[in-house]
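From first to last, the protein sequence lines are chains D and A.
The first sequence begins at 391 in our numbering and counts up by one.
The second sequence begins at 391 in our numbering and counts up by one.
Rather than coming from a laboratory, the hints here were simulated on the basis of the structure.
Just so you know, nobody snuck in bad clues.
Which copy is meant is left open, because identical chains are indistinguishable; a pair holds if it fits in one copy or across any two.
Taking lysine to aspartate or glutamate pairs in the DMTMM-like style, the calculated list, with each CA pair at most 25 Å apart, reads:
(1) Lys442 <-> Asp479
(2) Lys649 <-> Asp566
(3) Lys509 <-> Glu453
(4) Lys671 <-> Glu453
(5) Lys712 <-> Asp479
(6) Lys500 <-> Asp479
(7) Lys709 <-> Asp479
(8) Lys704 <-> Asp438
(9) Lys509 <-> Asp532
(10) Lys509 <-> Asp495
(11) Lys709 <-> Glu453
(12) Lys581 <-> Glu770
(13) Lys555 <-> Asp516
(14) Lys509 <-> Asp496
(15) Lys704 <-> Glu607
(16) Lys611 <-> Glu584
Number of protein chains: 2
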Amino acid sequence: MALIVQKFGGTSVGNPERIKNVARRVARYRAQGDQVVVVVSAMSGVTDGLIKLAREIMPLPTEREMDMLLATGEQTTIALTAMALHALDLAAVSLTGSQAGILTDDVHTKAKIQDIDPKEIHSLLDAGNVVIVAGFQGRTADGRITTLGRGGSDLTAIALAAAIKADLCQIYTDVDGVYTADPRIVPGARKLPEISYDEMLELASLGAKVMQSRSVEFAKKFGVVFEVRSSLNDNPGTIVKEETQNMEDVVIRGVSLDKNQAKITLVAVPDRPGVAARVFKAIGEAAINVDMIVQNISHGSGQPATDLSFTVDKPDLLKTRKVIDALRGEIGYEEVIADENIGKLSIVGVGMRSHSGVAAKMFETLASEGVNIGMISTSEIKISVVIDLARGEAAMRAVHAAFLG
Amino acid sequence: MALIVQKFGGTSVGNPERIKNVARRVARYRAQGDQVVVVVSAMSGVTDGLIKLAREIMPLPTEREMDMLLATGEQTTIALTAMALHALDLAAVSLTGSQAGILTDDVHTKAKIQDIDPKEIHSLLDAGNVVIVAGFQGRTADGRITTLGRGGSDLTAIALAAAIKADLCQIYTDVDGVYTADPRIVPGARKLPEISYDEMLELASLGAKVMQSRSVEFAKKFGVVFEVRSSLNDNPGTIVKEETQNMEDVVIRGVSLDKNQAKITLVAVPDRPGVAARVFKAIGEAAINVDMIVQNISHGSGQPATDLSFTVDKPDLLKTRKVIDALRGEIGYEEVIADENIGKLSIVGVGMRSHSGVAAKMFETLASEGVNIGMISTSEIKISVVIDLARGEAAMRAVHAAFLG
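So here's chain D without its partners, still in its complex pose:
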């Protein structure tokens, strides 16, 4: 008998039939005596539908109200999931994030979990219930509804697993686990039996789409071992845990392509101290995450000026433009170029630390494919390049073949 947190994403609860499948799976664990906390996302398509509705009202909806709106998505799913369990004669109670005791800061649409009070969950579990918690949402100390941003339901599951000291945290998704690359793009991709938090982090932050990096960071911080597995079958998934010795034997764990970034270039920014600080302070204050930053050497004959490029999540592009436009008078750049047609291609592996020539091999592979590199960024265990979005998938296949083929 174990205490298990099971998280089901939007596709796994995409329609009533799939919600019933989730209930049947939960029932199997319940039948062997396990206590189960289920975390669910909004049914697939629902969140996007709500965002579309909001945009019909105003182009840049206010974030407090966006949270009020989006929180309905998961609330719908928890109620339906509880009903599906009742239909199997299992005791089950649904809780919104707020009711489940998930307290966050007040950064609407991107709130951070500050504390979880698991009292209500424990008391419902003790009374024999399956407890179904709305992922992705919480509340502020003064009672406002917040959402945790992209991938927030995974975060809810992992944070809950830590808070209730669960024996197991299973992240159910529409893939069998973590692959060496997205199998929908790279046919030869293979499932990994295990992966380290750090590799998973790089893959997550690089758009491998399996999980959002905050969730993995949280799991790493609190030592929550979790399994990414499919809600469509009973295959074992990929275990995500601390790095072990034999993981370094493999040079590259995986290849990822992030299509969700946009690149912004400030052309002819005065090259003087404090300019970059001013730009990224303003962007940070707007709670926009910047990923890559590249600044070239100074050029021009008069005032020294430089081009400053950086990438942000595509949904933040409009907000970023507003911030940058507001700084124009103060900073005095020449123009702003925004490019949504980029892809960020990355290779990841803890084995890079002990193997040389990895970057050269990646760049050679891209050159032989005729793919131009726009930006480069590296860490101890990953190399990322920004390339033309249209060439992204072909480049990904070539790099996968070179390292993992």
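Starting from the structure of chain D, add chain A where the hints point.
Showing chain A alone in chain D's frame:
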């Protein structure tokens, strides 16, 4: 400068364009210095869609989870309405029923408002906000989400108007006011400039569809004068208030047809004391409202037995059947007949008290139309008959012509 509660129903907020219309109307009142609390329903179709979804999961969904599910409908609308006001540069904050301090009992799907703590609303109004409150919902003392049942948003508006001591309560709907009959069925129907609480109560409880009776009862109890008016134009609506002297001059204020009732007959119930009490106690305990009850004289040659008929709201039919089936062993009736194909036709008017021959005129009219009367029920200011649903609308037109034509 007045403090106004404005309630907009599902049709008035049925799509983004209509929500923007609501915002523009609110803005006009705000521009003349009024403080406005807006109560909104779920967008039309949304609640039914959620109910359908729940039924795909299980035929008789649990009511606590039903409330969790349905509450998302209004929550969606409040967020969108707040955004629409923001788009007009008005300060606005949305509140769920729970956040607005609406405390209810714990009878899920039909909760009663027990108390309203208007602190949060007052503080947001004082800070210059339009406050948008989710109709139809509240929370129990221990934090569970409840809904108020059919027409609950009107109740929210009127209860809030009482709690915050509003100067005015406007119920916006898709009709211009209260009519002598539903103009969609009776072309000659006329709008009433005013109507008494009691007449409105009879019309509401009889399915005139303009408002639910609990809301009118609440308004009567707390002396909340309200106006029923259209969200599609600026025509004055119908003022609902205490009866005045000159109201009795009119014999019949209106004719209504309730298509939302179902009739249940227990055939050959043993005719002994306590049987009816047992039946309606069980139904009452299941929180099902019974409307008309008819018991005929005893018949049969052996044990004295009778037929017991009553009507309930159609959505309660399945639940009522369960209650009745469970009583079979104890009571020993012969069979149960359920009939959903009925309509309840009623005439209402405080003038009935001072005019005679009203019932006879109604029955004659129906007879001359060849409409058979199944059940009859009367009060001081109304006469209701149950007839074949298929003949309902024609019968309504005939009765309207006879009294008001």
